[in-house]
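Asks: Listed below, chain by chain, are the residues.
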Amino acid sequence: MGISGWFKLGGRSVFSWAFTFQRLTGIVLLIYLLAHLTYLTSLLDKTGATYESMISLTVSRQFLIFDLLLVLCGVFHGINGLRIIIHEFGFAHEYRKPIIAVAAILIVAVWLYASYVMCSLTGG
Amino acid sequence: MAEFRVRRYDGFRSYWQSFEVPAKRGMTVLEGLYYIKENLDSSLAFRASCRMGICGSCAVKINGKPRLACETQILFLGDKITVEPLENYRVIKDLVTDFEGFFAKHKAVKPYLIRKDENYEEPKELLQTPEQLNEYYVFTLCIKCGACYSVCPAASTLDSYLGPAAMAAAYRFCADSRDEGQRDRYEVVSSSQGVWRCHLAMECSEVCPKNIEPAKAVQMLRRSTAFSILRGILGW
Amino acid sequence: MRVQHDIVIVGAGLAGMRAAIAAAEKSSRLSIAIIAKTYPIRCHSVCAEGGTAAVLREGDSFDLHAWDTVKGSDFLADQDAVEFFVRECPKEILRLDNWGCPWSRNEDGTIAQRPFGGHSFNRATFAKDRTGFHEVHTLYERMIKYDNVEIYPEYFITNLIIEENTVQGVSAIELKTGNLVFFEAKSVVFATGGAGRLYGFTTYSHQVTGDGMTLAYRNGIPLKDMEFIQFHPTGLIPSGILMTEGCRGEGGYLLNKNGERFMKKYAPEKMELGPRDIVSRAMWTEIIEGRGLEGDYGPYIALDLRHLGEEKIEERLPLIRDAAIKFAGVDPVEEPIPVKPVAHYTMGGIHTNVRCETPVKGFFAAGECACVSIHGANRLGTNSTAECLVFGRVAGENAAEYAMNAKENKITEEAMRKEESRIYDELLGKSGDESPYQIKRELNETMDKNMWIFREESELKEAVKKIKELKERYRNVEINDRSRGFNTDLMMTIEIGYMLDLAEVVAIGALKRQESRGAHYRIDYPKRDDENWLKHTMAYYTPEGPRFEYIPVTVTKWEPVERKY
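Chains H, B and C are the protein sequences, given in the same order. Take the first sequence: its letter number 58 is residue 62 in our numbering, and every next letter is one higher. Take the second sequence: its letter number 37 is residue 40 in our numbering, and every next letter is one higher. Take the third sequence: its letter number 113 is residue 179 in our numbering, and every next letter is one higher.
These are calculated hints, taken from the structure and not from any lab test. Heads up, some of the hints might be wrong.
[Said to hold, decoys possible] Not everything, but these chain B residues come out facing chain H in the computed CB check (under 10 Å):
#, residue
1, Lys68
2, Cys155
3, Val210
4, Leu224
[Claimed, not checked] Within a straight-line C-alpha distance of at most 30 Å, the following computed DSBU-like cross-link-like pairs (lysine-lysine) qualify:
#, chain 1, residue 1, chain 2, residue 2
5, H, Lys12, C, Lys242
6, C, Lys623, C, Lys531
7, B, Lys68, C, Lys392
8, C, Lys515, C, Lys378
9, H, Lys101, C, Lys378
10, B, Lys119, H, Lys12
11, C, Lys532, C, Lys578
12, B, Lys110, C, Lys242
13, B, Lys110, C, Lys601
14, C, Lys392, C, Lys531
15, B, Lys213, C, Lys242
16, C, Lys336, C, Lys623
Glycine included, each C-beta is placed from N, C-alpha and C at the ideal position.
Chain H with its partners taken away, still in its complex shape (with noise of 0.2 Å):
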């Protein structure tokens, strides 16, 4: 089936989907990672002009939604790596149904709390 057995949309429990969104996050996570080294080597132009006009391009109020999508994409990678390390000790899969549900609400827990900070930060 090749990689589309990763995106297939019908018959697919909440589990393979989470399966699914932890590649897509990993991805975007490892393209935030590029683009953050990108920056931080900038900082080798010792004036700051290179880093300021990147910095200028991404730190903005339009850009806030970008910014609070990648926190959901880190937050929702960490949460669910741990529930992932969790079962990968052979640990509580039993209780898969009840973790996923709890991760769930943690990852939302944790972005809202995180968007309310960061929108009375650029707000304020």
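Position chains B and C against the provided structure of chain H, taking the given hints into account.
Replies: Just chains B and C, lined up with the frame of chain H:
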């Protein structure tokens, strides 16, 4: 009346075909397929044998989910039923898929008891308490229907991945108190086609018709493999 | 295409796989092929539930097991074979234990045993209620360990090739490609199972169509005692799925509509644990006399397990509970299971001696398709899986021994051409106006109606007439699917041809046997007649229908007496 939409394949092209099947209370999807074969289109190919959910022949995708056709009641699904072959296998004809690779992988993990003191001519009774039996018993229930492998995203991107059923079989023997062959099996399953390829989509546990939790078996196997490697490094 | 092996085993159930292991153990230089029309673990043996008989514990004895078996067989079993058989059983249990079979255990770790119908000691060794399933998987897993055993799954056998009374090999269709493959072998073992799909209401898997029996029969090897078909007392309604005798072994009751344990009238001592023929007849009598319960699918008897409690049912009979819920919508913890007698086992089969040899050199048979005979007129529960293990081994060893001393065989070009044209031109290419499935339906109806538990002359005659008519119509069948790859239409049509031949043998054999013995009960001859009928039926193939001969039963220790339970 129930409408069966069946995914067919004749070796050259793949197409959908619809059949009207008179569905009674208690009738299974397998009986529906037999009805089609015997009355509507005898060229329909599917596998079936025991019709009581223990031989593992008739796993197909019913309404998008792999199930045993013999255990699935038509009326629980409504009056529209789609039947397709399992994914992650090559289709031979209609609902029949190629299981050669699946069984080869099962064989590769050495799914048999390994003992040093074996005596074919004069076998001795080995002792095993009910508790020791329960340690692995659930994993002996695998009927090798292949449903788990068909939904495994790791298998869909790597043909040579051992897959949940084979590794559940490996774990079943590793956890058997009578077995002495753990190391042999760890060697096979810790290869790049083995336990480390599992990324916990857990779809196998969700679709397993015998509820044996293959995902758990793979993780247990991963744990014991990891400890075994660690012990090897530390020289214990 | 030709394939060469020293030994070819047809059928990958318990007996076939046990034979393969035995032959492989004998010599690692032998090349062994095991061919089957399903994958090995999809065989019908997985449906065996209750247990496997073996003398393992203090208090039991070989003589007691043998006596139970002989008495159960209504004295038609060959007692020398039975005595050999019971001595071999325990070793097979222990071998399976050593190979990883998850036998149910006692608290002290020893292998557990439970009571079973017709046995006077608790000697049914079991793995929950999935005994056959675990045995098959254990044997399969063991078998793949041997490098000299090659598995040919999904090969459907079309002929047995014999020349000058010596076996040459078999021909089989490779289902995946549709090609005819000729297996040349020094010795051939048939372990192809029974003929239960002759019946409509049956516990058998769809694949059990008596292929091997018919091929042996058509090639001149006699079929023995085919009129004895066992009816298991407890088949789930409506599908016929087996509800193991272990249900009663664990203490379940059979109740009629008055809630009465009616078995006290028929087998006061053993009650529900009488042998299967007696319990089935009792249940059918209750139904005929109007004391059955009424359900959507006609009258039935209640199998009540409620008093065992959920814990014991889950521990000992999990499969039964699961099947009852899934297939009948009844949870045995809360409601009795609706059951009635169901066609379950073919006591007869290919005539072999205790070494599993048939009259043809190099050709062996074991398991349900063979008739040694240890089951006589009625098999005891748990003796069939035991038979497969014991005689599977015997067949494998003897086939190996024979192959080591025999010369290469060759299937002639002419025989190959003939078989190819028979399958592809005469069957696949032919046009006609009969549907094979209609013929099968009518055959099933006839068998269910006329050849059931109670038989009588007029009905049997009607059955013979009907079967002859169906055979005539079968000449005119048309196979719609003309393709080669995985042509199950072709396979099923050939199977139906096999079944018609067997049905004829069963029906005429039953018509001729004018007595009641074991599972064969004639309303017009309700007594056992040892003077005239203490003998085995042997059916030989002729183009006009079977020709019958009779051979004596071997009696060693136990003279026939009246059978009381």
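Asks: Hint by hint, work out which the structure violates, then give me just those numbers in ascending order.
Replies: Going through the list in order, the structure violates hints 6, 8, 10, 13, 14 and respects the others.
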